[in-house]
Amino acid sequence: MSRTERLRRRRGVLVTGLVLVAGVGLGGTAIATADPEQSRVATQAHAEPAVPGTPCAASVRACVDLETRQAWLVRDGKVTGGPFRVTTGGEGKATPVGHSFRVYRKEADHRSGEFPGPDGRPARMPWSVFFADGGIAFHGGDLSRESAGCVKLGARDAQRFFDTLQVGDKVQVVNGSVERRHRAEAHGRA
1 MSRTERLRRR RGVLVTGLVL VAGVGLGGTA IATADPEQSR VATQAHAEPA
51 VPGTPCAASV RACVDLETRQ AWLVRDGKVT GGPFRVTTGG EGKATPVGHS
101 FRVYRKEADH RSGEFPGPDG RPARMPWSVF FADGGIAFHG GDLSRESAGC
151 VKLGARDAQR FFDTLQVGDK VQVVNGSVER RHRAEAHGRA
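Each residue of the sequence shown is one higher than the one before, starting from 1 at the first, in UniProt numbering.
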């Protein structure tokens, strides 16, 4: 194992330990274990009916399936848009899984404070809708490149998310097959 791999593993253990000690996960969600699928919030989400055609709970306004790299807009438990093609975080910059993220800020012409674009200047993040700690957002971008943890959409789709979602709206980011399995178990169909 290389020095870099050892450092990454140590950081992962440290972060997991801090999360367990603090009892707080991304998006301020209280958790009892390091597995986001076993948290109280996840259990509540699994007990809800799913939005038909998605792996998410009916109470969400936006749903992301990391496995299929698709997203949906939802209102009153029904799909109002999508599936939209998305690009999510790559190795070392994974998009966080969460059952109760909330939109906390919107910015039509945001520029990244952390990551440079191909031209070396701060990366453009048009139509940004921020929903998770660490500046994780839906935004427009190049779908041929992985993100640094955000959920990237094509330009028109990103604008639709920006126009539709409001501060306080609930967002779920899940791995569809895992979510379907937990939902089936919660409803006694395992």
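Be a bit skeptical, because a hint or two may be false.
Unchecked claim - 27 Å max Cα-Cα, derived DSS-like pairs, lysine-lysine:
1. Lys93 / Lys170
2. Lys170 / Lys106
3. Lys78 / Lys170
4. Lys106 / Lys78
None of these hints come from the bench; they were simulated from the model.
> Which numbered conditions among the earlier hints are violated in the structure presented, ordered from lowest to highest?
Replying inline: none
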